[in-house]
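Given next are the chains, with one letter for each unit.
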Amino acid sequence: MNPQEIKPTVKTFILNEYLPGEDPAAFTDTTPLMTTGILDSIAVLKVVTFLENQFGITIEPHEAVVENLNTLSDIERFVMSKKA
Amino acid sequence: MLTKTLTSEPVGEIKAVVVEPSVARCTPRSRFAALATFLAIVAQFGLIVMVVGYWQLESLPLARLMALAFAGFVIHHLLPVRFRLPFFAMLSLVAVITGVGHFGPNIWRSWLIGKMTTTGFLYHLLPGSTLIGIGLGLIGLCHLPIRFAARVGLVAVAGAGLAFLRGHSQWFPDVSEMWVILGSMFMFRLMIYLYDLKHRTAPFSLAHAVSYFFLLPNVCFPLFPVVDYKTFCSTYYNEDWPPIYQTGLKWIFRGVIQLLLYRIIYQFAPLDVYKLTSALDVAGCMLGMYLLYLRISGTFHLIVGLLHMFGFNLPETHHLYLLASSFTDFWRRINIYWKDFVMKLFFYPMHFKLRRMGTVWALSLATLGTFLATWLLHSWQWFWIRGMPLFNWKDFSFWMILAVLVLVTAIYETTRVRKRTLTPSRVTLRQRLILGLQAAGVFSLMCILWAYWSCQSWAEFETLIDAASRPTFREMMIVLGTLLLVCVCAMLWGRSSRETSEGRSTPATRAPFHFWPSAATVAIGALCLLILPSIATRVIPRLKPVIARLHGDTLNARDMAQQRRGYYEELDVGGMDNWQWHNAEEPEGWSRGKKAFYRERSDFLLKDLAPSMSTVLGGTPCTSNSLGLRDREYQRAKPAKTYRIVLLGASNDMGTGVKDDQTYENLVEDRLNARVPDARYSRYEILNLSVAADTILQRVLRLEEEGFGFQPDAAILSVTAVDEQVMASHIRKALIQGVEPPPGYREVVESVVHRARVNGKMPAVMIDRRLQPYFTELCKWSFQRFAQECTQRGVRPLVIYRPMPADFSGMESAARRQIIGLARNAGLEVLDLSPAFDSVADRSSLMLAKWDDHTTALGHRLLADMLYEGVVPLLFASQSTQQVSHLEKP
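Those sequence lines, one after another, are chains A and B. Take 1 as the starting number for the first sequence in our numbering and just add one per residue. Take 1 as the starting number for the second sequence in our numbering and just add one per residue.
It is worth saying that the hints were derived from the structure and are not from the lab. Possibly wrong hints are sitting among the right ones.
Examples of chain B residues lying across from chain A (beta carbon under 10 Å, computed) [claimed, not checked]:
1. Thr-201
2. Thr-328
3. Asn-335
4. Phe-347
5. Arg-355
6. Thr-359
7. Ala-362
8. Lys-419
9. Arg-426
10. Arg-430
11. Asn-825
12. Ala-826
13. Glu-829
14. Val-830
SDA-like, lysine to any residue: derived pairs with alpha carbons at most 20 Å apart [to be verified]:
15. B:Lys-419 with A:Asn-53
16. B:Lys-230 with A:Asp-74
17. B:Lys-339 with A:Val-44
18. A:Lys-46 with B:Lys-419
19. B:Lys-419 with A:Glu-63
20. B:Lys-761 with B:Leu-735
21. B:Lys-353 with A:Val-44
22. A:Lys-46 with B:Pro-349
23. B:Lys-339 with B:Lys-419
24. A:Lys-82 with B:Lys-419
25. B:Lys-595 with B:Thr-623
26. B:Lys-230 with A:Glu-63
27. A:Lys-83 with A:Asn-53
28. B:Lys-198 with A:Glu-63
29. A:Lys-46 with B:Thr-623
30. A:Lys-46 with B:Lys-230
Quick caveat, the model's predicted, so the values are computed rather than measured. Built from N, CA and C at the ideal position, the CB exists for glycine as well.
Let the sequences and hints guide you as you build the complete structure.
In structure tokens, the structure reads:
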């Protein structure tokens, strides 16, 4: 997968799953997800499964943390580092 | 450079990012503003230290720790940033040494003026130094240059060894005080530390490790929030200092308020299941039991607030948990650090392993596994605090019920996606109402579940429910009104802006910070806590005893009664509830003679004393004579020219905890024989027929069955304010053992048993509660019987009211009036000895020990003085006057 596609793919997934009806333009690369409660602990697990299936990576339990999954930019950086 | 690697392992790019103080880059005006801010913080901190000391919150060591933290805070702040963490580590070690060794100013003073030898002085360093040595050893094991799995194995072996020694702490009495704190510091934090060390998610250095494990406030709090190592490191001065310090002060103040609220609830809520008489009492009891948790949330706020004062910008530990709107919400808001800990170490690893099974299965198994781990770790924690594990059905079932409730809600949330928004949206009244109703529902269910957990046994919980049967309309309205209040509070404040605690401390997720309003609130609040009590007691003098009860760490009515009942039932005090771990326990051997000293009987008296027995009761030698009395030797037949009195009482009259010649009746006897108040008698004898735990009914029966056999001239029936409380135990035991009351007693006892609807197959606590309304009737009947039997035999009956050593529950005055009134109504003469203790400023000094409320030798002497002065004019009125005039002649 093209690295440029990571953010749009994840964004679409989160919008469909957790933010139906929300304005996509308001969901920026720096919108906090975990620290604002958009993704709670259970939602994070779904996102992790999605990232693993979508990008063919394996995520460890200690990696499902706010530093890696709080914003779209964090997620992109994390996925890229896993694929590297 | 703040971080310095402790091992040769690469740390990677992980370093603590410290925000440099803004003062350095500021203008003189800004420097002045910063100085004013700092002084405001110092002033607030100083006030809070005074509040903690004034209210004697938690313990004396906490007041000392607060003073140390205050001084340390000022120095810490003025130090260059690079020295702050090592300074905090050193300060924490000093706190351990002084705190664990009870190293107060008196010890310093005694050593400096030569009252204490240097060896004695150094002896006080031993427990703290041992703890530090063991702790550093454990940290060292984590960093050994061997495979990680081997290190974990070594730490586990060391932990098992230490746990073994904890279980046998009596082997090392000199350091026995350090085990609880050692456990509190390492039992969970080692797990997190190893986890983060394995994944290298944080910087590691000696200063970090020492600061993390020996956290400054830990020495005063065996129950300590499970601070996450990664969060501990990553939040260290992660923003400018004023908001960090001010948030800390705000949380310390919140903790102080919660600890005071806890005291109010602990002292005044109807927590004694035995005394519940209505559905409203039951609701109050359940609510009170739930709110006792304020002690934990209060101490956690105080602890984390203190850590803020040293730059650790940690997230909050509890977030409006009473207003949780679902069980998952409750789990996320109560003890957030614990939730994060088990999520990190148990839930996520289990879920990741199980996720191939599908979301619901993985979620279910991981949740159940996490709660199982919580139960086991709770027991592990209990073991380090009490020295024995807590494995019982009640604890297990509580955690499993909570697990199922959380799981059901979690599955519901997984399958039905809740509404999330990118921007704060307007919440409609309907949404708020639903939230409020949900919160009221969760609140009421948690009250019930918490009561179940807090009750000593299933039978006690059953009794609690039994007491709630047939509520009146008014009671139901009051309960509904309380739930309505919860609903309204949840509608106003229950909506959490975030659903998780992760990243709570980041400035981006917090509301804008306003320093001065917050500082003013804390300062004014602290001043109020210092000044208002004095004003209130002057304006309303009736408040004085209420305020006095809120000062200090005294037991409430329930725990005093429980200790008394425990004594009466010969139960182990160790069975006290989960929050009573802090109360002093009876030392080994304190009452070792109980089993040998008392004999079971098959009749309605149920027990008596073994004759010619020498043993230890209340930590003091105690003997019985050949007649089976706790007294000197007497002949069964009354000798000529002897005035004989029989005394009927319970353990205090028997003299538990004082030597044979120190009991008040022996002191009075000695004085009578020395002064000879009546010339007709050359000898005076007081035969002590008191038996521990005898109720008034048993005392009167004992007089009839044994006392009259000694041909007494007078019979003294000793009564106290707590006699009504223990009345039930006698009838209940007789019911359970199937013992019939003797003729004369049968009618009244059977009538009470019938009307109270009790039988021997019921749980003991339920029998006691149902019998409670009949205690007055039984007391009244006993007094009448006493008067009647004595009169028939020509024996002079006399009732003495014996005061309790301490009146913590403040109920003595009313109970004294009640029982004296009953005796007088039966036509009996009553000698009220309650002024005997008036000369003692601190009544608790008349108690044998914190775990034993029997009267000390001083108390017996005071009682003897009063009894002698009162009994002589009553029994020997004309003769004593003659005697006094005779003695006065030259």
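For this session: Have a go at the Ala-826 of chain B hint: is there a Cβ in chain A nearer than 10 Å to its own Cβ?
Result: violated (68 Å)
Problem set entry | Restraint check for Lys-419 of chain B with Asn-53 of chain A, where alpha carbons must lie at most 20 Å apart | Violated: Lys-419 of chain B and Asn-53 of chain A sit about 25 Å apart, past 20 Å.
Exercise. Does the interface hint hold: is Arg-426 of chain B within less than 10 Å of chain A, judged Cβ to Cβ?
Worked result: With a closest approach of 15 Å, the Arg-426 of chain B hint is violated.
Problem set entry | Supplied contact hint for Phe-347 of chain B, tested at 10 Å Cβ to chain A | The hint holds - Phe-347 of chain B has a Cβ within 10 Å of chain A, the shortest such distance being about 8 Å.
Exercise. Does the structure keep Lys-46 of chain A and Lys-230 of chain B at a Cα separation of 20 Å or less?
Worked result: violated (24 Å)
Exercise. For the hint on Thr-359 of chain B, does the least C-beta distance to chain A fall short of 10 Å?
Worked result: holds (7 Å)
For this session: Take the C-alpha atoms of Lys-46 of chain A and Thr-623 of chain B, compute the straight-line distance between them, and say whether it is at most 20 Å.
Result: Given that 20 Å is the threshold and the Cα spacing comes to 73 Å, the pair is violated.
Exercise. Taking 10 Å as the limit, does the beta-carbon of Val-830 of chain B come near enough to a beta-carbon in chain A?
Worked result: Cβ of Val-830 of chain B sits 67 Å from chain A, so the hint is violated.
For this session: Compare the distance between the alpha carbons of Lys-353 of chain B and Val-44 of chain A with 20 Å, and conclude whether the hinted pair is satisfied.
Result: holds (15 Å)
Exercise. Lys-82 of chain A and Lys-419 of chain B: Cα distance at most 20 Å?
Worked result: With Cα atoms ~31 Å apart, Lys-82 of chain A and Lys-419 of chain B exceed 20 Å; violated.
For this session: Assess, step by step, whether the Cα of Lys-339 of chain B is no farther than 20 Å from the Cα of Lys-419 of chain B, and give holds or violated.
Result: violated (23 Å)
Exercise. Does Pro-349 of chain B lie within 20 Å of Lys-46 of chain A when you go C-alpha to C-alpha?
Worked result: This hinted pair holds, its Cα atoms lying about 15 Å apart.
Checked against the numbered hints above, the structure breaks hints 3, 9, 10, 11, 12, 13, 14, 15, 19, 23, 24, 29, 30 and satisfies the rest.
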